[in-house]
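Could you put the whole structure together from the sequences, leaning on the hints where they help?
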Amino acid sequence: MSFRFEFIQKDYWPPTAWIAECVESDPVIRVQHGPQVETRGSWFCEAIWDGKFSAGDFDLTDLVFGSGARLRDGRVVFVSSGSTVDRLQFVNTTDKVLVSNSLACLLGVSGTRVVRTFDRYRDVFASIVRGIDLCVRRLPTESDTLELVYFRNLTWDGRRLAQEDKPVSARDFSTFTKYRAFLDSALERITANMRAIERRHRYEMVGTLSSGYDSVTAATLCRDAGMRKAISFQKGVFEEGGSGEDHGAEIAKILNIELSMFDRHSWRAKAFGEVPFIAANSRGIDLFFSAAENSLRGRVLVTGFHGDKVWDKHTRSLGPEIVRGDMSGLSLCEYRLLLGCIHFPLPFMGVQQIRDINALSNSAELAPWDVPGPYSRPICRAIVEQAGVPRGLFGTKKKMASVHLHHGYTLLSEATRAEYHRWLAAEKKEGVWAKCNSDEPKVPSKLVVISKQRFYWLNRVVGNLIGPQPEHVKKRVKKKMAALEVYLARRINLIDFMFPWATEIMANTYRERPNDNGPKISVEPSATSSEISNGRGAELPP
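Throughout, this note's numbering is defined as the position within the sequence shown, counted from one, plus 5.
No lab work stands behind these hints, which were simulated from the structure alone.
We treat Cβ as the ideally placed atom computed from N, Cα and C, and that holds for glycine.
There could be a bad hint or two in this list.
To be verified - Using 30 Å as the maximum straight-line C-alpha spacing, the simulated DSBU-like pairs for lysine-lysine come out as follows:
| hint | residue 1 | residue 2 |
| --- | --- | --- |
| 1 | K484 | K402 |
| 2 | K258 | K402 |
| 3 | K57 | K234 |
| 4 | K525 | K433 |
| 5 | K258 | K318 |
| 6 | K275 | K57 |
| 7 | K234 | K258 |
| 8 | K171 | K318 |
| 9 | K318 | K434 |
| 10 | K318 | K433 |
| 11 | K101 | K57 |
| 12 | K485 | K402 |
| 13 | K402 | K234 |
| 14 | K318 | K183 |
| 15 | K275 | K525 |
| 16 | K402 | K183 |
| 17 | K101 | K171 |
| 18 | K434 | K275 |
| 19 | K525 | K15 |
| 20 | K183 | K57 |
| 21 | K183 | K234 |
As the list claims (entries may be wrong) - What follows is a list of derived Cβ distance ranges for each label pair:
| hint | residue 1 | residue 2 | range |
| --- | --- | --- | --- |
| 22 | K433 | E255 | 26 to 34 Å |
| 23 | Y17 | A431 | 43 to 51 Å |
| 24 | R127 | V28 | 28 to 36 Å |
| 25 | R135 | S265 | 48 to 56 Å |
| 26 | K525 | K101 | 23 to 31 Å |
| 27 | F12 | N261 | 36 to 44 Å |
| 28 | S174 | E476 | 31 to 39 Å |
Written out as structure tokens, the structure reads:
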């Protein structure tokens, strides 16, 4: 069948969101999209890759970040990101198949709703840590069939949608020189692609910096490819460990990278700022990135996600199925579309050859950069130290940057919590839980909310009071306090049911006739050329 695309631009949509409609025996693939999606006769994308932009061959590589679709050999190839911090999703309705790079867009356009009484969405999304072969693909919905697709592509032949592995080149990573040459040459091509004059929307990179291994390594590599800016987050005084910092400011000076600092807790000041992150993976653990919204708008965000497996010498899961340590990065996949941002988690480059990369990490060649203990990433240390960063400035202690909405001082913001509880009350009135014989969640009293807000301080006081007790006593007390903390958080945030609520708000963004009741997620226009010169977006190359 000879397919063709029909493009329908939606100026009020998030800039890089898209959805494609495939009808059996119909050669026309109707694509609705935001204003920053690149559209051509035989392809469309919001992506960067290691090839010439004008050729549009992002379906022929595994080094692609973002998404799109390409007409190829009588089929339509829907291309997912070459990582598992983004995904495609599709839904089969009675008369068509809809494919999108946004779950919220898919729900809004199709009218499909996730099951409001299902309380294990976290398990569905967290299953991606088991790899692309063992993750849960089907999302519970009230109608139709909705599936999630990570890393692999989808093909449409006019009758059915099928998954397909990405083309993967056999690369030689037998020496550090060869692996480094692969990273450098791929970055050179990706940088040329994102700056191509044929693009309607050209990009520049912004990195992330901390005092760990992965973001510093990614920033060092991209600095050599022309990246000059990075962001970092100041550790809040309410976080465990006190007011210590993890921002890598000294490293930025050595690498000659302009570093912008942000408060990790500034998301509290924005009404419903948690919603896009929760709607992505039900937990929103990357919520702190919203503090850097203006720095990310219209740019390529370079991160070190999955470096903890790819570059760690002690990694044991060495197959091509991409087993992860956690699902960090995934909750950015809806938020980035609101900003017209492309997420580029650099460690995923060549990820399916993790066995070869790990062998290199354990080789005699990299022994000089192998430090004692369980936290050793010789490849990272070689790259960063060779760039002039002293050994003691990075990779000395493993730290956690994620936001956990049930942990410590971190709660939903007051406005978000109030709206969520209002939604729960409305669902109770509608009798949603009674209809499916499920126990309805109970909206907490003000006393419970106050109890959780004070709990953090109680936890700290108890920790100080137990003082020089035997280690097993300290562990027992800490375990009981942690259990009480999660119990109080669940009573306040009712975290198991936030996902359906958040997806309804986000889906409303894409509806032709949006519901005027309830909160709105604002979508500002993407940066134009004139705005770019004023710092709102990426600087265009000459």
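Here is how each hint holds up against the structure:
no.: 1; hint: K484 / K402; verdict: 23 Å, holds
no.: 2; hint: K258 / K402; verdict: 21 Å, holds
no.: 3; hint: K57 / K234; verdict: 24 Å, holds
no.: 4; hint: K525 / K433; verdict: 22 Å, holds
no.: 5; hint: K258 / K318; verdict: 28 Å, holds
no.: 6; hint: K275 / K57; verdict: 40 Å, violated
no.: 7; hint: K234 / K258; verdict: 11 Å, holds
no.: 8; hint: K171 / K318; verdict: 26 Å, holds
no.: 9; hint: K318 / K434; verdict: 55 Å, violated
no.: 10; hint: K318 / K433; verdict: 51 Å, violated
no.: 11; hint: K101 / K57; verdict: 33 Å, violated
no.: 12; hint: K485 / K402; verdict: 26 Å, holds
no.: 13; hint: K402 / K234; verdict: 24 Å, holds
no.: 14; hint: K318 / K183; verdict: 18 Å, holds
no.: 15; hint: K275 / K525; verdict: 12 Å, holds
no.: 16; hint: K402 / K183; verdict: 29 Å, holds
no.: 17; hint: K101 / K171; verdict: 25 Å, holds
no.: 18; hint: K434 / K275; verdict: 29 Å, holds
no.: 19; hint: K525 / K15; verdict: 17 Å, holds
no.: 20; hint: K183 / K57; verdict: 23 Å, holds
no.: 21; hint: K183 / K234; verdict: 27 Å, holds
no.: 22; hint: K433 / E255: 26 to 34 Å; verdict: 53 Å, violated
no.: 23; hint: Y17 / A431: 43 to 51 Å; verdict: 26 Å, violated
no.: 24; hint: R127 / V28: 28 to 36 Å; verdict: 35 Å, holds
no.: 25; hint: R135 / S265: 48 to 56 Å; verdict: 36 Å, violated
no.: 26; hint: K525 / K101: 23 to 31 Å; verdict: 29 Å, holds
no.: 27; hint: F12 / N261: 36 to 44 Å; verdict: 42 Å, holds
no.: 28; hint: S174 / E476: 31 to 39 Å; verdict: 51 Å, violated
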